[in-house]
Structures are given as C-alpha cells and as structure tokens.
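Protein chains: 2
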Amino acid sequence: MKPLSATEAVARIEAGTLTAEKLVRDCLDRIAEREPVVKAWAFLNPDLAVAQARAADVIRGGILRGVPIGVKDIIDTHDMPTGHNSPIFQGKIPFGDAACVALCRTANAVILGKTVTTEFANRHPGPTTNPHNPGHTPGGSSSGSAAAVADGHVPLAFGTQTGGSVIRPAAYCGVIGYKPTFNDFSRVGIKMQCHSLDTLGLMARTLDDIALFRGAVLKLPPVAIDPGIPRPRIGLCRTPIWNEASADTKKLLEATAGKLADKGAAVIDVAFAPTFNDILDDHGAISGWESARNYADERLRNPDKVSGELMAGLKKGLDVTLERYVAAQRKSVAFKAHVDSLFDKVDVLICPSAPGEAPAGVEFTGDPRFNSIWTLAGTPCVTLPAGTGTNGLPLGIQLVGLRHEDDRLLSTAAWVAAHLN
Amino acid sequence: MKPLSATEAVARIEAGTLTAEKLVRDCLDRIAEREPVVKAWAFLNPDLAVAQARAADVIRGGILRGVPIGVKDIIDTHDMPTGHNSPIFQGKIPFGDAACVALCRTANAVILGKTVTTEFANRHPGPTTNPHNPGHTPGGSSSGSAAAVADGHVPLAFGTQTGGSVIRPAAYCGVIGYKPTFNDFSRVGIKMQCHSLDTLGLMARTLDDIALFRGAVLKLPPVAIDPGIPRPRIGLCRTPIWNEASADTKKLLEATAGKLADKGAAVIDVAFAPTFNDILDDHGAISGWESARNYADERLRNPDKVSGELMAGLKKGLDVTLERYVAAQRKSVAFKAHVDSLFDKVDVLICPSAPGEAPAGVEFTGDPRFNSIWTLAGTPCVTLPAGTGTNGLPLGIQLVGLRHEDDRLLSTAAWVAAHLN
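Residue numbers (the UniProt record's numbering), protein chains in the order written: chain A, 1 to 421; chain B, 1 to 421.
Chain A on its own, in the form it takes in the complex:
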C-alpha cells in the first residue's frame, strides 16, 4: 500500500477518517518491518511517539496535525538524545528543542525519532542503506532522513546541507528534497558546521508536502503550490563540473530539457561566467576555514573520539589562510550576484542532483559538488525523482530558483513534475 503523504494524512485526520495514533502506529509498523535492513533511525521510542500522537488527537488543529516527522540527529530535541553520530554526544539529551522542531510541535506534528546522520553531518558514514538496494549508500549526510522518507517510514523529515547533504541523499533515495534560500529557516539548535553555508532542508514524497512542511518551519500559513503557472523559462545549466556527471545523468538532463521544451517550456543553455569555473574551490576554502574552527571543542578536548576522516579534514581546514578565506568570501558575494543575474532570462535552472546513482557500499556517501555550488550561492533548490540509472537506482534532477523566490521555484517544480512523465 502506498504510504500516505502528509497532506493526505492531515486531510483524513481532519475528516475524522484517520487518527494521528493510527497513522503513527502504521509508520512504526513499517519501520519495525524495514529497519533491520534500512537502518535509518538513530533513536526511536515507540511509546513516546504514540504518546505524542494521542496528544495530537486531543489537541486537534495545527497544520501538521498528527504528522510524524523524522529529525536528523544533529538537530536538538528536548525529549530524545541528539547523538550527531559521534561517541562524544552519544545518549546526550539537549536542554531544548531546535527552533524547527519547536515550530513543528506547535503545528501539532509528532516528532517520531532521530534519523541517522554521518558524523556531525560531515563525511564519516552511519549504517543506513539505500532502500532501493541495501548494497548502496543512501547518500549523506542526511542519510536516515532520505531513506526513511523514501521507504515510507515517515512522510516528512529534516535534513541539513553544507555541501550536498539534502539534495544528494534525496536524489539517491528517489524522494523530493528542498533546500530553501539561505537564512530563511532558523538554525537554532542545529549543530553548526559552517556558518556561511549550513542550511536546514526538507524531505518529502510530494511537493505539496514540502510546501506544507515549509509553512510550519516558517511559522506561516503554507503557500499552496500553483501548478497553473505559465510555461516556465528553463535554463539547462551543465555547471563547470559537467564532465564529472555519469553518462546516464547527462542523458537524463538533456532528455529532460528536450521533453520540457516539447511541453512548451522555453529552454536555453545557461553557463557561468568563466571567472566562476573554480567556484567549488571557494566553497572548499570557506568550509575548510570555518569547520576547522567550529569543531575546535571536539578536536581539542576529544580528539580520540573524532573519526580519522573528520580529523584529517579539520587539519586540512587549518591550512586555509585568512587571506584565502576572505578571498573566497568576497568571491561568494560576486558569485551570488552572478547567479542572480542568470535569472534575468530564466525562471529556473536545471542541473544534476548528483553525479549519478548512489555509489555501491555505505562507506562513501557520494560526491556533493553538484550541490555545493548552490549551497554557496544560497539559492533555493529542489530535487525531483526523474527515473533510474543503469543500476536501477533513482536519478534526480535539480531545479534551482532565484534567491528569495522559493514559492516560484516550488510551483515551477510542480509544472516540471507534471510534465516529466
């Protein structure tokens, strides 16, 4: 049976044909069945989840009435540990909820549990597998959130992205991922990796659910997606790392552009000005400088509890000079203005969500660079499932909108989704 979307669930609960408790118990049943293989959850207390659901049934109301949500385990919860996939934080319960969690609770959501993250949302992986094939990674760092949504454990989950940690795992798992315009969502209670880049993001199986979830996090009435927008102007943006995309990804993007043109979209090629061809180096300089300092406490007080992988990355970050960091910050300002200017001629850019399908094994969560570009740009991004690759695993296409035009991006994504198949 196809799992309910959040939007459907709220409608049924409001109509009295479903209770939050039944919905949550169904999710828990699905998890009990699948978790031994998928391993999406870092913490799950079924009794606490059911108690929240019963409370939601009593309270009634709220735009997320009774909807269970998965919370990436670098995001604080006052009633569950936040472990960051690190022995330093194992079992530690924060003093409060992250703002995004508090805002969902006040929208009457059920915080179902904590989803597996890579260590501190960096590279060292957790145990989660790809629900489409347990021999492959779900991507990262929001590994558990992507897998849990894809596998029907929850309709909604939080991820975070500093490089490619929302869009890439969503694409690998075949769900919708959304990274909002930088700064729109609160980051209180979310472990800070890189203050110039960290972005809270959302995962769901439908765009309507993304819009609903976004409303709760913004503490605003959700802006309904408008699929009746005029035919969009689409820019096919191969990005400076196009050659690192797999053959099936390249083919998918170009075929999608062609298909959307056939459906009436105006499609043009869009490229960065050559001065920005090395913009990923600037992302690297910023993330290196900032993370090396931001993890000072872990690095200095608990070096034996930091993975070798992360410690090596932090040491590399210490090699970035202040001059290099400043140059990268200055370039990122220019890059943001340049990216803004690309939207003079298009409503949306399309580009790969990842180089290709999810890699084999769970040790390597995949290459984030097709996403890091846009994390640096601060643009809103959506990945839509758009078929499968040569291994039968999901491929996504990434839609990039103009900064601060998230509503327009989501409606354009709905137009694209409607015309993809």
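Among the hints, a few may not be true.
One copy or two, either will do: identical chains are not told apart, so a pair holds if it fits within one copy or between any two.
[Said to hold, decoys possible] Straight-line Cα separation of at most 27 Å, DSS-like style, residue types lysine-lysine; simulated pairs:
| hint | residue 1 | residue 2 |
| --- | --- | --- |
| 1 | K250 | K345 |
| 2 | K305 | K219 |
| 3 | K39 | K92 |
| 4 | K345 | K251 |
| 5 | K305 | K92 |
| 6 | K219 | K315 |
| 7 | K219 | K316 |
Keep in mind the hints are simulated off the structure, nothing from the lab.
Since the structure of chain A is provided, determine the placement of chain B on it from the hints.
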C-alpha cells in the same frame, strides 16, 4: 595600581617574573573587593580558576599563557553553567565549550568565569552596574564583560553583538570594544539570536590586547598592530540618526575629527545615499523575523520563564511578514555594497559609539542604534575611549573599517588613539 594588560601579563609570565596563578589570584582579589557593587559575574568558581592557572603554569607556552578571560554567559563552557540570564537555563552546564572558548583554552588562557548578560543577549537587564558610577547602566547586552574589563577584573572578555551589544557597553564603561567582520569568528556554542547579525566580539583595555585576543580566536599568530601606518583618510559619518546623539557626543565627534585633521589625517564628511536613511528599519525587520523563530523553543515550551519584555519583542517579530524580511535581506546586500564603496575615499569612518553617556539606572541598557547600522553592514568596528560627558561618564568614538580589512582598522585605530590626547 593599574591592572596589567594581557600583553604585559604574557610578557611577564614568559620572563618568569609573574605566574599565571599570581595573576589570577590578583584578579580574584580585585573581584572580591568590587563585585558587591559592580555585579559583573554570573558564575565564578575561584578554585576552578586557580586550578586552570596552575595548569597554565605547568603547560607553559600559548599566546594567551595564563591570561584570565571573562566569557559572556550566553557562550558555552563545559565546566561552568551557561545561564543566559534566564530561569530556563539556570545552572545548566553545556556538553562542550563554545569554539571561541576552546580556542582560547588551547592558547593556554584561563577561563575565569561567566559574565552577566541581559536575558538571552536581548534587552531584559541583569544586575551589573557601571564601574564608573553604580547608579548607571554598564550598557548591554554584554554588560558584565564590559564592566569586568573596565574595572580591572580581567584584561579580556568576550561579548556578542546583534544590535549594539559589544560596542555600546564598551563605550559606556570606557574600554575598547571590537566587533570583527561578520563571519570571521566562529559562533559555535553561542546562543543564536539572529543568524544574519550575531557577531562575537572582544573587549580589552588596549588595542594590542585586542590583536592578541583576536589571534587566539582566529587560531592564527596575532597580527601586530602597526601604529606607523601613513596618516589615515578619515570619514566623519554622522549617520542618519545624528540628531539622536547627545550634544556632548556630537561635540566630541566633531572635535575629534578636527583634532585628527590637525595631526595630519585627511578628514572628509561621509554620508549614506538617501535610500539607506531608513536602514535601521531593515535591521529591525531582520532581527524581528529571525528572533521570533529562533526563540521558538523558549517561547513555546517555557513562556512563563521568558520576560515580558522579551516575549513582547518576539510577538512583534511575528508580525514581520516574509515579504518584509526578504526585502530587508535584499536591502542589506545593497547596503553592504554601498558601505564598501564609502571606503574608496577613506580608510576609516568615525561615528558615535552610542548616543551619549550611559543612562541612569540599570533597567535600560541604552540605545543600540549607532551600532546596529554596522552590525547589519558586517563591517569591523572598534570603540575607543575618548573622554567623558557632562555626567563624568565615558564617551567613546566608533571607528568603522572596510569589511575584511580588520588588520587595517586596528592599526588605524592605534594611530587615532595615539593622536587623540
């Protein structure tokens, strides 16, 4: 006896004529004498401070060898509570150190204790008094840090600024305050109020100490201040709220500009383009939108433990629409570029550090708006003590540098300080 600067203390400790333990005991003695009146400390455990000092004497080395530091009580410490001047957090000890604290510890500093903050670095005051006159506020939100440095309790202290919370209290207390370029300093482990604005800052009694302290926080060898720079080009920037400055502040600024011109500086008047005359409204929209969401957990789970003052501010923040927030974010991008352009003709801007002297009473910590302008601009700022007002309390002048040119600002500040008297 004039208290030692950090730079002097490190030199004496390195020369073997002083120990960290003696230095810390001297500070504790001074605090014991003055704290009943000044009330600068939210947490202080003399035994823990002395133990750290003894360890520093054993470890030796480190650019802050043995130097005691005051830490604003919204900044995490793994061995002391972080109370945020809120009953919600009273007595709660964080899991780790803020990155800035960890970086100072690795520079062999002594974390002496936690300094009084207003509630969550917002407006609701703590008990701290102005060391120059206990009938007056020390300013806020970094009240205890400014008072402790001014009164010789510690040579160095951390503050944070979202509006005017470093520069203003430093000016009211007659010490040097420094707010770096936005994003240069890590914010990990510092309670987030407004992610677009929050800036960690430093307080000290000498510019050399600011440079030393900054080196530790950046984890870089300190860049020595160069007082031998060429005569600077100075822009007298009255700002759009000049009329809200007191008569003695206006007189001080204009007299200072005249005096520096006499000493060889090239002084011109600099004004914002008229479109930015209302830029403080944009600061208000950004801080209102962000803080209303960022304190969601406190507001929703512990409304009875939030001051009426803060709760009213948060509710007002909820009235800011997303459209208004986005407009303010867009305007702040344009404002940053405009402020950058002002530096085509000058090396530094001078403007008031506050409307005037510290107000009477401790209930109102003063008007932050002469600082909020530059917090939004993301520029580095320094306040220098520059005389007294009609009540005999300190007045400061604020020097504003080009973003990312903090070294140049500090050296220019040294030139100005040398020529002020």
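Going down the list of hints, with the structure as the test:
1. K250 with K345: Within. Shortest intra-copy distance 23 Å satisfies the 27 Å Cα cut-off; inter-copy 50 Å does not.
2. K305 with K219: between (38 Å within a copy, 22 Å between copies)
3. K39 with K92: Intra 20 Å, inter 33 Å, cutoff 27 Å: intra-copy only.
4. K345 with K251: Result: close within a single copy only, 24 Å intra versus 53 Å inter.
5. K305 with K92: For K305 and K92, the Cα distance is within 27 Å both inside one copy (15 Å) and across copies (24 Å).
6. K219 with K315: between (39 Å within a copy, 12 Å between copies)
7. K219 with K316: between (39 Å within a copy, 14 Å between copies)
Going through the hint list in order, the structure satisfies each hint without exception.
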